[in-house]
Amino acid sequence: MYAALCLSVPAVPAGSVDPLVTRLRAGDEAAFTGAVRALHDTLRRLARTILRSDALVDEAIQDAWIGVLRGLDRFEGRSSFGTWVCSILVNRARTLAARDRHHEELPDDDLAGAEALDARPVAWADESPARLAERAELVAFVGAALEQLPPRQRAVVMLRDVKAWDADEVCEALGISEGNQRVLLHRGRAQLRAMLEAHLAGGAP
Amino acid sequence: MMTCAQVADVVRDHELGRLPGRARWSVRLHLLMCDGCRRYWRQLRAVAGLLQAQPEAPPEPDAEAALLARFRARRDEPGAS
Chain A
17 MYAALCLSVP AVPAGSVDPL VTRLRAGDEA AFTGAVRALH DTLRRLARTI
67 LRSDALVDEA IQDAWIGVLR GLDRFEGRSS FGTWVCSILV NRARTLAARD
117 RHHEELPDDD LAGAEALDAR PVAWADESPA RLAERAELVA FVGAALEQLP
167 PRQRAVVMLR DVKAWDADEV CEALGISEGN QRVLLHRGRA QLRAMLEAHL
217 AGGAP
Chain B
16 MMTCAQVADV VRDHELGRLP GRARWSVRLH LLMCDGCRRY WRQLRAVAGL
66 LQAQPEAPPE PDAEAALLAR FRARRDEPGA S
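Residue numbers (the numbering used here), protein chains in the order written: chain A, 17 to 221; chain B, 16 to 96.
Since the hints were made in silico from the structure, they are not lab data. Worth double-checking, as some hints may not be accurate.
What the hints assert, rightly or not - Okay, the calculated bits of chain B under chain A, using three or more residues with CB under 8 Å as the criterion: (1) 21-28; (2) 57-63; (3) 69-77.
As the list claims (entries may be wrong) - Per label pair, the in silico range of CB-to-CB distance: (4) Ala114/A x Arg43/B: 45 to 55 Å; (5) Arg39/B x Pro35/A: 26 to 36 Å; (6) Arg53/B x Thr38/A: 40 to 50 Å; (7) Ala84/B x Ser193/A: 31 to 41 Å; (8) Arg39/A x Arg43/B: 33 to 43 Å; (9) Ala72/B x Glu150/A: 20 to 30 Å; (10) Ser69/A x Leu47/B: 47 to 57 Å; (11) Gly218/A x Gly51/B: 19 to 29 Å; (12) Ala152/A x Pro76/B: 23 to 33 Å; (13) Leu47/B x Arg41/A: 48 to 58 Å; (14) Glu75/B x Glu150/A: 25 to 35 Å; (15) Ala156/A x Glu30/B: 18 to 28 Å.
Claimed, not checked - To give an idea of the interface, some chain B residues facing chain A are shown, with a C-beta separation under 10 Å as derived from the structure: (16) Arg33; (17) Ala81; (18) Phe86; (19) Arg87; (20) Ala88; (21) Asp91.
All C-beta atoms in this analysis are idealised placements derived from N, C-alpha and C, irrespective of residue type, glycine included.
Build the full structure now, drawing on both the sequences and the hints.
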C-alpha cells in the first residue's frame, strides 16, 4: 500500500513536450533567460551538494546549460524540462568532482547522527507554521541547518521542500530509487525538525 | 492503519493535496487518534514553511550574459552544436 502513496503525477504528460522547450528550440531569448533565472538557485544548491568550491559550482552550472543547448533538439519530454536540466547538472558536477582531486566529491551521507525516527516530539512554545515562517531569524536558521545536512539528504529535502518537486521528479533528477528518496527525505526532515526544536528550546531571541 | 513513521513520510504530500483519497483519509484517521503525530505533523509543517521561505540566489550577470551568447550562437548557426 505504501508504495502507491508515493506515486505522483508527472508535471507534463508523457509524449507531449513542454511549451518552454518549443520556445527554446525556436530561439526565444526571453524564454531562455527566464529558464536560466528560474532554475539558477536550484542548480546552485544542487551542485553544492556535489562540489565544494564555488568556482566549480559556477562551472558546473555553465556546463549544464551548454549541455542543455546541445541536447535541446533530442529532448523527448519524458521528464519535465527542469528535471532534465537538473539531471544534466548532476552529471556535469560529478564529472568535475572526479576530475579535480583537490575538490573531491563530497562524501556519502553518514546517517549515524540521524535522529531516531520514532522520537516523541516535545511541544514548542509556538508551533504555528505561518507565524514561524514570518520570523526572519528562523528562516535563516533553517537555511543554515539545511546546509549542514549530509549532501544526499540536502539534495532531496531541497528539491522536495524548498522547490516543491514531486517525488518521481527528484528520483529522476538525482538518479535514485523511490525507496532511497523516501528514506533521505524522512531523515533530512527529521534532522531539521530536531535542530529547530533544539534552537527554539535554547531561548532564541 | 498507517504507522507513525508512514504518516511522517507523507505529511508534506498531504499538505500539498497530492495524496490520493484513500491515503488522505488514512492520514486524517491516524492524526485524529495520535497526539504525538499531530504535534510532529505541525512541527514538520513549520519546518516546511521555513524551507519554502528560503531566499533565491539570482545568476551572476556575467554568467547569464555568457549563456545568452551561447544561446544566440546556437540559434544563428543551426547545426553548429
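Hints, verified against the model:
{"no.": "1", "hint": "21-28", "result": "holds (count 6)"}
{"no.": "2", "hint": "57-63", "result": "holds (count 7)"}
{"no.": "3", "hint": "69-77", "result": "holds (count 7)"}
{"no.": "4", "hint": "Ala114/A x Arg43/B: 45 to 55 Å", "result": "47 Å, holds"}
{"no.": "5", "hint": "Arg39/B x Pro35/A: 26 to 36 Å", "result": "31 Å, holds"}
{"no.": "6", "hint": "Arg53/B x Thr38/A: 40 to 50 Å", "result": "46 Å, holds"}
{"no.": "7", "hint": "Ala84/B x Ser193/A: 31 to 41 Å", "result": "39 Å, holds"}
{"no.": "8", "hint": "Arg39/A x Arg43/B: 33 to 43 Å", "result": "42 Å, holds"}
{"no.": "9", "hint": "Ala72/B x Glu150/A: 20 to 30 Å", "result": "22 Å, holds"}
{"no.": "10", "hint": "Ser69/A x Leu47/B: 47 to 57 Å", "result": "50 Å, holds"}
{"no.": "11", "hint": "Gly218/A x Gly51/B: 19 to 29 Å", "result": "23 Å, holds"}
{"no.": "12", "hint": "Ala152/A x Pro76/B: 23 to 33 Å", "result": "27 Å, holds"}
{"no.": "13", "hint": "Leu47/B x Arg41/A: 48 to 58 Å", "result": "51 Å, holds"}
{"no.": "14", "hint": "Glu75/B x Glu150/A: 25 to 35 Å", "result": "30 Å, holds"}
{"no.": "15", "hint": "Ala156/A x Glu30/B: 18 to 28 Å", "result": "23 Å, holds"}
{"no.": "16", "hint": "Arg33", "result": "6 Å, holds"}
{"no.": "17", "hint": "Ala81", "result": "7 Å, holds"}
{"no.": "18", "hint": "Phe86", "result": "5 Å, holds"}
{"no.": "19", "hint": "Arg87", "result": "7 Å, holds"}
{"no.": "20", "hint": "Ala88", "result": "9 Å, holds"}
{"no.": "21", "hint": "Asp91", "result": "8 Å, holds"}
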